[in-house]
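2 protein chains.
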Amino acid sequence: MPNIYLALLHYPVMNKNGDVITSAITNLDLHDIARAAKTYGVKGFYVVTRLADQIVLAKRIIGHWTHGAGADYNPARRRALELIRIEESLADVIQHIAGQENVQPKTVATCAKRFDDAISYDKMSGLMSNGKPHLLVFGTAWGLSEELIRQADYILEPITGQTGYNHLSVRSAASIILDRLIGR
Amino acid sequence: MPNIYLALLHYPVMNKNGDVITSAITNLDLHDIARAAKTYGVKGFYVVTRLADQIVLAKRIIGHWTHGAGADYNPARRRALELIRIEESLADVIQHIAGQENVQPKTVATCAKRFDDAISYDKMSGLMSNGKPHLLVFGTAWGLSEELIRQADYILEPITGQTGYNHLSVRSAASIILDRLIGR
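Line by line, the protein sequences are chains A and B.
Position in the first sequence (first residue = 1) + 84 = the working numbering.
Position in the second sequence (first residue = 1) + 84 = the working numbering.
I should point out that these hints are in silico values taken from the structure, not numbers from a laboratory.
It is possible that part of the hints are untrue.
Treat identical chains as interchangeable: a pair holds within one or across any two.
[What the hints assert, rightly or not] Subject to a maximum C-alpha distance of 35 Å in a straight line, what follows is the list of computed DSBU-like cross-link-like pairs (lysine-lysine):
#, residue 1, residue 2
1, Lys127, Lys197
2, Lys100, Lys207
3, Lys216, Lys190
4, Lys216, Lys127
5, Lys100, Lys197
6, Lys100, Lys143
In isolation and in its complexed conformation, chain A is listed as follows (with noise of 0.2 Å):
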């Protein structure tokens, strides 16, 4: 199995100006990317939020569907959403994650916009396949700081089709990326 986890971050990202932002919470990329998650054996799907009244909101969700009334009506997705922790920063993410594996994660940014020295799905899948924790970060809104994807350990390549259009939902792209790194 892989050694992999994954985070959704809503700060810092960037809004449509390019601005650094906080977003909201959208409950659908708890669910969609936590199915992915379950689906290609994420061992945990970080959701990060500093805003006190998103944390709550984001434990309500996952609550209902983990231990409400959700739990007995679609066991399915309990097992899904049972992956999701919330945390108040990247730091403490990776401070977690730490915690459990003895050794710091490698981080990888994704990014809709080509970095110079963006890695491939196949380097990186290689790199995954020594066993050692590796963190997939993912940006909500317009995607994730430029400071922050240049901080990562590696940027990987952004996912393109034959259009030249980038515009993928973060629950398409997370499940996209998640096949080519984990699903063959």
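Place chain B on chain A using the hints.
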């Protein structure tokens, strides 16, 4: 460019007990699947529902992003949602494509369950490269009715990770399937 169309069915689909039902439209299905379709050069994305009030709802959502305030706010989203056309049945979808292509599309059913005669992604991808129209058919709720699946020209093998967990959202499944068939 691939000659591929995509249909998202809200009837005939199954509920969790396997009964054939009509499901409700989910806003983010339209957005996410339209964006993935646009990324991979899909020629048309048909949203199929036979419920009059759901047709009105879908047209209102699409209109907001293609002609309303959303079109100015986010032109990239406009270009994706312009791919959507509402039809009342799969037969209507096939007829509409035949009117455009002067030949009926081959239908490709998708399902989270494995059928004995399912076709692999590599094989399907090869068949699609003949340039003739192919229609990928996705089901909402607990998936397409078995009767409809068996009527398709091809049944695509399910997406499996390493875990046996097969509960992806239709948004994730459509994204991964487009990437596997025409994304490389």
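For each hint, the structure was consulted:
no.	hint	verdict
1	Lys127 - Lys197	both (27 Å within a copy, 24 Å between copies)
2	Lys100 - Lys207	within (31 Å within a copy, 40 Å between copies)
3	Lys216 - Lys190	within (8 Å within a copy, 44 Å between copies)
4	Lys216 - Lys127	within (12 Å within a copy, 42 Å between copies)
5	Lys100 - Lys197	within (14 Å within a copy, 40 Å between copies)
6	Lys100 - Lys143	both (28 Å within a copy, 26 Å between copies)
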